[in-house]
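Colleague: Which chain is which? The protein sequence lines are A and B, in order.
Reading the first sequence from the start, the letters are residues 29 to 541 in this note's numbering.
Reading the second sequence from the start, the letters are residues 288 to 663 in this note's numbering.
In short, the hints are calculated from the structure, not lab data.
Worth double-checking, as some hints may not be accurate.
[Stated by the list, open to error] Straight-line C-alpha distance at most 30 Å; calculated DSS-like pairs for lysine-lysine:
1) A/LYS152 x B/LYS585
2) A/LYS327 x A/LYS443
3) A/LYS152 x A/LYS327
4) A/LYS152 x B/LYS583
5) A/LYS396 x A/LYS406
6) A/LYS406 x A/LYS202
[What the hints assert, rightly or not] Which stretches of chain A does chain B cover? Using the computed rule of at least three CB atoms under 8 Å from a CB of chain B, they are:
7) 113 to 122
8) 142 to 149
9) 220 to 232
10) 278 to 292
Ideal placement from N, C-alpha and C gives every residue a C-beta, glycine not left out.
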Amino acid sequence: MTTSTAPATQNPLRAGLRLPRTPDACAVVVFGATGDLTARKLMPALYNLARSRMMPTGFSIVGFARRDWSDEQFRTIMKEAVTKYSREPIDGELWDSFARRLHYVSSNFDDIEGYKRLGDRLNKQDTAHGASGNRLFYLATPPTAYADIARHLGEAGLSRGGDAGGWARLVVEKPFGRDLESARELDRNIGLVFRERQIFRIDHYLGKETVQNIMVFRFSNGIFEPIWNRRYVDNVQVSVAETVGVEGRGAYYEESGALRDMVQNHLMQVLALIAMEPTASFRGDAVRDEKAKVFLAIKPIRDIERDTLRAQYASGAILGERVPGYRQEDGVSPTSITETYAALRLEIENWRWAGVPFYLRVGKRLPKRATEVAITFKMAPLQLFRQIGADNATPNLLVLRIQPDEGISLRFGAKVPGTRSDVRPVNMDFRYGTSFGVDAPEAYERLLLDAMLGDSTLFTRWDGVEAAWELLNPVLDAWSNGASPLQTYEAGSWGPKRADALIEGDGREWHRM
Amino acid sequence: MAPDVTAIERLTDAPVAVQPADVEAEFSRIWQETTGTGAGESSIRLRVLNFIGIGLTDDARDRFGHVMEALPERHPCRGIMAMTAPGHDAVIASISAHCWRSGSGNRHVCSEEVLLQAAPGQERPLASAVLALLVPELPVAAWLIGDLDFDHAIATEIIGAAERVFIDSTGSPDARAILRSAAHAVAGHDIEVCDLAWCRLGAWRGLVAQFFDGDDGPRQLASLQSIEIVSGGNELGSESLLLAGWLVSCLGLSIADVSRSAGRIEATLYDGSNGVRLAISASGGAIAPLERVSLKTKDAAFLVELHHDSGHMHVREEWPDARVRRTVAPSPTDEALLFAEALDDADDPGVFLGAMNSALSLLGDDDVRESPAQPS
């Protein structure tokens, strides 16, 4: 059994197998084990990994939360959760084998005694399940608890693996801070106990197959990379449209808003994948280094009025059903100025992208649910067919559909059959669902597996988090001082009129999703 | 992203008989009729692969049909079954189209199947018809169904057009003959051969490899003392031989002191001066092609066995400081799923080749290389 933090040596029997290696034997400790994230995402992901032989032989899972549950209660409730939420149907015998590894420790997050009990439990389980002193601590708790948990883990001696040696890693869910200052404070506090290489900041967008495919699409196809630059690209739009409102999370959303909830993390990560330079390899920090260079090259937003927009939905109708306005949602102040829609215009000041605007927009209660990256190319240098009366040429458009209806489409002009030379835009369309019938693993399966393997490529690094906050903090400050006044839009519309003005001022328009 | 796949529906009530030259036109006609109906639904004719079955019997045709019932969900394809059957003066064709509902919308995705038959002696026209019906620019996978030899008249020309050729040595009464034929085909035709028996070993290989994954893995490998492999049936099946061959070739072991008897091979494998005892035996049971694998090192032991009732795999590891066991799902047994996985994964053909050659060495075949092939 492995007991060191060094990367595993090449195993000759791995040649030709799908996984280059399986994770070291380890214990996964989930803080907030009674919460929604554990039930909906984490436990089904861990079960499916174990089912498909991707967990190490020696593993255990320990739930840590306030509720006074026994191991058996925890197992029963987790079985219900996996039955309900797993992408694969639960199998009795496989579940029983998995459930023997489930344990529970009841404690408040601020009770040091609870952490000592956790340590004792883990050391016993190292023997029982062969977990070898390796620990993966997963913070599925409210962010306010992150610093305390990290501190107590340190005080209890759990930040360095178990009695038998081994590694300790900390997985942190978003949001990582609510502004630059709080993010730095959180990083400082966690950094007192864990080193950067031990910290895995999770952004589940990066675990999505279609987000990972951005890199595959760019770097495994020879035809796109040569035109992926300012010479050929006119503008890039990253859009996240949701039909839902705050879904009972009004109190949380009041503290967050669209910019913090989506732009600072998900949209910035997608933007980085679109804009980054090719890496020489996927080893170590290669991808995160390139992403960091993108963040550093983004021009600070100086003209808040021109380059940003915030808005809030009023009552309206989604798919024919009346829905309340944001201020009428539960947990939301009737005078709230929290934005449910945000749009930004960014520029990346480097040789590849200078002069190409990147438009980011995110909104709730829009007419349809869609996450897309739309890359509009420049028009052909000569509109040849305009000379003979065909005046409807449109620029080529490449759309990477991240969800739903995942796929890629390319718009180009084609001759309309007939005696004239009319040009009409047509689409070449690829859809994952039809070309790959295989069940894609959930994002959390990939991310949990990578965290256990110690591969941080798909996790955000502190410099990336900090750079995103450095970019957006002035926007938040300016908004709180009244800049770019809050607009309203009717639920079921594509956002406020001024969102169109933000892009139309550049002579462009939003891609219709 | 997972498509919401419902049961396969056939666009054609029954296979439609057509002249081989009219296959494309007839597909176009069926296609136009389909897209002209079904209010509110859209259909996609999708092919990412040419998948050819070659066989001589009705059983071969039925196996191909079974695979085509499910394979297109993961690999939308044009399936072409070529077989000889008495009573046909010329090559005859019949076509059918399969659709399934997929994606977030009400979308039909459709693949197509062609059955080509000709009388024995008409193999060349039959092969020519197959080649004419391949969808251009798409990869070609061919499956030699049953004990069909690579050099059979119906096969030679078709496999020349294929990137991958599948065989299935599982259950063959003469595993040695079929493996030897595959080894010669690889050497003689420079084609990539994939044995479904090898695909069935995916979970076994993964679990055995996992035992040596940790930092301690090299030390454990260096102190390997014994390997025991037990197959079902009364004869040694190809799975057990390939698994043994895989361990021999991947670990760079040389074979010595071989003793062979009915349903049993014993040998000593050498890595330098360290000897590893190897025993492959047939249990006489009828449970599965491969039932149990155990390995012992100086201070640890590993066992994986197929559970008779559930079909799951039970894994047990014994270390000086811990004993752990767990239950995991096996590789798929259904042929359609095996094909789907095999076509998904680009397994290193050099690994299979090394395993095959070493398996033949264990069987005493002098025509193949004794030294293991290195993974490419």
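Colleague: Look at each hint and say if it fits the structure.
Modeller: The hints, checked one at a time:
1. A/LYS152 x B/LYS585: holds (25 Å)
2. A/LYS327 x A/LYS443: violated (41 Å)
3. A/LYS152 x A/LYS327: violated (53 Å)
4. A/LYS152 x B/LYS583: holds (26 Å)
5. A/LYS396 x A/LYS406: Holds - the C-alpha atoms of A/LYS406 and A/LYS396 are around 28 Å apart, at most 30 Å.
6. A/LYS406 x A/LYS202: violated (37 Å)
7. 113 to 122: holds (count 4)
8. 142 to 149: n = 0 at 8 Å, threshold three: violated.
9. 220 to 232: n = 0 at 8 Å, threshold three: violated.
10. 278 to 292: violated (count 0)
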